[in-house]
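Here the protein sequences line up with chains A and B, keeping their order. Taking the working numbering, the leading residue of the first sequence gets 31, the next gets one more, and so forth. Taking the working numbering, the leading residue of the second sequence gets 867, the next gets one more, and so forth.
If you are wondering where the hints come from, they were derived from the structure by calculation, not from laboratory data. Glycine is no exception: its CB is placed at the ideal position from the N, C-alpha and C atoms. Be a bit skeptical, because a hint or two may be false.
Here are some chain A residues the structure puts well away from chain B; computed CB gaps all over 10 Å [what the hints assert, rightly or not]: (1) GLU118; (2) ASP217; (3) ASP238; (4) SER303; (5) ASP341; (6) TYR375.
With a cut-off of at most 20 Å between alpha-carbon atoms, the simulated DMTMM-like pairs for lysine to aspartate or glutamate come out as follows [what the hints assert, rightly or not]: (7) LYS916(B) with ASP946(B); (8) LYS919(B) with GLU390(A); (9) LYS891(B) with GLU347(A); (10) LYS457(A) with ASP206(A); (11) LYS673(A) with GLU506(A); (12) LYS266(A) with ASP238(A); (13) LYS307(A) with GLU335(A); (14) LYS911(B) with ASP881(B); (15) LYS236(A) with ASP258(A); (16) LYS979(B) with ASP938(B); (17) LYS540(A) with GLU525(A); (18) LYS911(B) with GLU390(A); (19) LYS895(B) with ASP440(A); (20) LYS563(A) with GLU506(A); (21) LYS942(B) with GLU964(B); (22) LYS208(A) with ASP238(A); (23) LYS891(B) with GLU351(A); (24) LYS164(A) with GLU118(A); (25) LYS898(B) with GLU351(A); (26) LYS942(B) with ASP962(B); (27) LYS895(B) with ASP881(B); (28) LYS919(B) with ASP392(A); (29) LYS916(B) with ASP370(A); (30) LYS898(B) with GLU347(A); (31) LYS189(A) with GLU300(A); (32) LYS916(B) with ASP881(B); (33) LYS919(B) with GLU506(A); (34) LYS895(B) with GLU351(A); (35) LYS891(B) with GLU356(A); (36) LYS911(B) with ASP938(B); (37) LYS266(A) with ASP246(A); (38) LYS895(B) with GLU347(A); (39) LYS116(A) with ASP66(A); (40) LYS891(B) with ASP440(A).
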Amino acid sequence: MDVYKLWTCDDNSESQLSSTSSEIEKEIDVLRKTFDFVRLLKADGPHGVSGCVENPCQCFSFWKVDEPCENCISLKTFIDKKPRTKLEFMGTDIYQVFSKYVQVDGEPYVMELIKKLDEDSLLGVQDREKIMNKLSKYHKAMYTDALTGASNRRYFEDKLKKSHVPAGVAMIDLDDFKVYNDTCGHDAGDMVLVTVVDAIRRCIRKSDVLVRYGGDEFLLVMPGIQEDDFAHKLRKIKRNIHAATVPGYSNIRLSASVGGVFSDGNSLDEAVSKADKLMYQAKTKKDTVVTDGHESVAGEPQKQEILIVDDSNINREILSEMLGNEYIIHEAASGEECIDLLSQYGTGISLVLLDIIMPEMDGFEVLDYMAEHHWIDDIPVIMISSEDSASSIRKAYEFGVSDYISRPFDSRVVYQRVFNTIKLYAKQRRLISLVSDQMYEKDKNNRMMISILSQIVEFRNGESGSHVVNIKRITELLLDRLPMRTNKYTVSGTEQLLIPMAAALHDIGKIGIDDKILNKPGRLTKEEFEIMKTHSAIGANMLESLEQFRDEPLLKIAHDICRWHHERYDGRGYPDGLKGDEIPISAQIVSVADVYDALVSERVYKKAYSHEKAMALILNGECGTFNPVLVECLKDIQNELAKGVE
Amino acid sequence: MTTREFYESIGASYDSVLVRFGSEKMITKFAKRFADDTTFQDMCKALEEKNAKEAFRMAHTLKGICSNLGFDELYKASYDLTEDLRDGELSGYEQDYEKVCEKYKIVYDSVTKIDN
């Protein structure tokens, strides 16, 4: 049998693969002229040059490795009898390996042919380049972040982490990335990341490496850079990011927090963890660069303060020492002391390490107190105890603790958990303040829109413009007073805010009333008055036609106020003649406020009355009948009202 | 004696504490510090005064300190005593108490001999 025959025979025609042992030996001699190694592998033991195929197979020892090759083709060939080839590396050499199923004296074997590929045996120059390109492209794709084109985390883990190259190492973390992502959508988030990478790229050299380290965290490695240069570059990067505009999202303003250190002969991995800590210090200020022991743009970062609560001195001291000098440590030997310090420092304390078993007030009681005063929402607690039964751990988590460290303490575990928790809460606090700023902004805009609208109405009515402001103020005063007089009416917290706002719209229906009637100096005729009275229904209808907002509480309340602020408690008002509490309480309150303010203000048809006169007119029922409780409330707030008139 | 020798003399593993503490200086500091700690004495006093709750708490604290410092034998003994006292009853703890005293003495005698 010649080589040709052996390798061209049909896969499954076993008869053609059968040889005797003398035939196969001759065969092997021929093959050895072409291949560097030829060996027969048998399932159950050595034969000639062979090892065995099934485990414990030692055939891999040829490759100077200690365990079976992951891509063992002989084993596969032995099982399914199909020939295979593979490339195998040993040191820097490449070997091509063929496996082929054969039968020798009726026994199953796999023949392995191994050929070393040296420079000469490689492809022509062109093909070689193609292969290299293919391999390097693969390499590139594997180590590149698809979105930003920066290197990816895998690149750091595989190629950089262990490196000891002297370099400036910086962590760059986007401020409030989560907000862009959540409020403007993921496309915006992606565009932000691309923009940031471009901004950084413009400041760095070709030899620098930029890695997308986490979602919105970038790692910059600048080999061989000078110290001054490094700090300068980082500040430039910060400015560049700040100045960058995100294509398609011109409303987004970017900023980043940067922490930078020198690797100083340490591994990059260690440098990264230091840079991360500095970055997080920068984060407390935002849009800031902090470098190792050097200036930060916005002044020195503050050290975080930690409260350690444990009745044993030694245990407190051990924890304190483990946390090192990066924190300011407060100590409390009992639950009571802990509460005292928390009352004193509030959220100045960034974290509490809390023991469970203590005299008098124990750890759980402290947690209870913290929950009751809503401190636990703002001040994270890590429980420490040797009381590590599942039930006490569960109980601690139910109380809202962030983490649990059991004795004996391991300094790295303690340090890392404390660091992680503080970092998480710092981010959360910043997000909360951002969201509340935005809510305030939104609320302010709402109030402004309503003011503009009601000013338009007043302007047309020829009123002073203060009517809306006064109505809103008096409505608020009455609303505050009402629950002290009666618990008959349930006004929710939201309604408490919405009713005064909606009160400003009570007269919008006057837009639909003829100017001549609206601003007639003298007394209205009966017909004119009938037309004037339609303003309450007109206003309500205007609001009803806003289909889109029909279910909005503000609109519903405004509708009720518009339609019914001229109803009277005895049923003698307009337009519907509602009686008593058929009139929504919101409209009842506004009707009192409206009448009072109309009396003390000057109008085209009347002079302003004094506060005393106005009160007397209302109390005598000369302006119609009001809910007696509201009249009482009006009396209660007299002092404030009188001040307002002055 | 050195701190390592101290740990060997009380049958505890210096290396496992070193792994957790990360510095030899820190181990020495806190091992020596143990000699001044009054938790053990407070516990004895509470037992004398038949104050079960306080005795439990002190045994528990002692257990925690020993766990941190890696005083394995004293830790085990105080662990057993803590469990005896957990239910607030002062009965059946005597044997474990004696064991704690015995182990405490071993630690105390050696810990005072650590060189500066």
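Hints, one by one, checked against the model:
1. GLU118: holds (40 Å)
2. ASP217: holds (46 Å)
3. ASP238: For ASP238(A), whose nearest Cβ neighbour in chain B is about 33 Å away, the distance exceeds 10 Å, so it holds.
4. SER303: holds (15 Å)
5. ASP341: violated (6 Å)
6. TYR375: holds (26 Å)
7. LYS916(B) with ASP946(B): Holds, because 18 Å separates the two Cα atoms, which is no more than 20 Å.
8. LYS919(B) with GLU390(A): holds (11 Å)
9. LYS891(B) with GLU347(A): holds (14 Å)
10. LYS457(A) with ASP206(A): holds (8 Å)
11. LYS673(A) with GLU506(A): Given pair LYS673(A), GLU506(A) holds - Cα atoms ~15 Å apart, limit 20 Å.
12. LYS266(A) with ASP238(A): holds (15 Å)
13. LYS307(A) with GLU335(A): Distance ~15 Å between LYS307(A) and GLU335(A) Cα, so the pair holds.
14. LYS911(B) with ASP881(B): violated (34 Å)
15. LYS236(A) with ASP258(A): holds (19 Å)
16. LYS979(B) with ASP938(B): holds (19 Å)
17. LYS540(A) with GLU525(A): Judged against 20 Å, a Cα distance of about 25 Å means the pair is violated.
18. LYS911(B) with GLU390(A): Given pair LYS911(B), GLU390(A) holds - Cα atoms ~18 Å apart, limit 20 Å.
19. LYS895(B) with ASP440(A): Measuring from Cα to Cα gives roughly 16 Å; hence the hint holds.
20. LYS563(A) with GLU506(A): Answer violated: LYS563(A) to GLU506(A) is near 26 Å, above 20 Å.
21. LYS942(B) with GLU964(B): This hinted pair holds, its Cα atoms lying about 13 Å apart.
22. LYS208(A) with ASP238(A): Outside the cut-off at roughly 27 Å; violated.
23. LYS891(B) with GLU351(A): holds (11 Å)
24. LYS164(A) with GLU118(A): holds (18 Å)
25. LYS898(B) with GLU351(A): With a Cα-Cα distance of about 15 Å, the restraint between LYS898(B) and GLU351(A) holds, given a limit of 20 Å.
26. LYS942(B) with ASP962(B): holds (10 Å)
27. LYS895(B) with ASP881(B): Holds: LYS895(B) and ASP881(B) sit about 16 Å apart, inside 20 Å.
28. LYS919(B) with ASP392(A): holds (13 Å)
29. LYS916(B) with ASP370(A): violated (31 Å)
30. LYS898(B) with GLU347(A): Distance ~13 Å between LYS898(B) and GLU347(A) Cα, so the pair holds.
31. LYS189(A) with GLU300(A): Given that 20 Å is the threshold and the Cα spacing comes to 15 Å, the pair holds.
32. LYS916(B) with ASP881(B): Status violated; Cα separation ~39 Å.
33. LYS919(B) with GLU506(A): Distance ~56 Å between LYS919(B) and GLU506(A) Cα, so the pair is violated.
34. LYS895(B) with GLU351(A): Since the Cα atoms of LYS895(B) and GLU351(A) sit roughly 11 Å apart, the hinted pair holds (cutoff 20 Å).
35. LYS891(B) with GLU356(A): Between LYS891(B) and GLU356(A) the Cα gap is close to 19 Å, so the pair holds against 20 Å.
36. LYS911(B) with ASP938(B): Given pair LYS911(B), ASP938(B) is violated - Cα atoms ~23 Å apart, limit 20 Å.
37. LYS266(A) with ASP246(A): Measuring from Cα to Cα gives roughly 19 Å; hence the hint holds.
38. LYS895(B) with GLU347(A): holds (10 Å)
39. LYS116(A) with ASP66(A): holds (15 Å)
40. LYS891(B) with ASP440(A): holds (15 Å)
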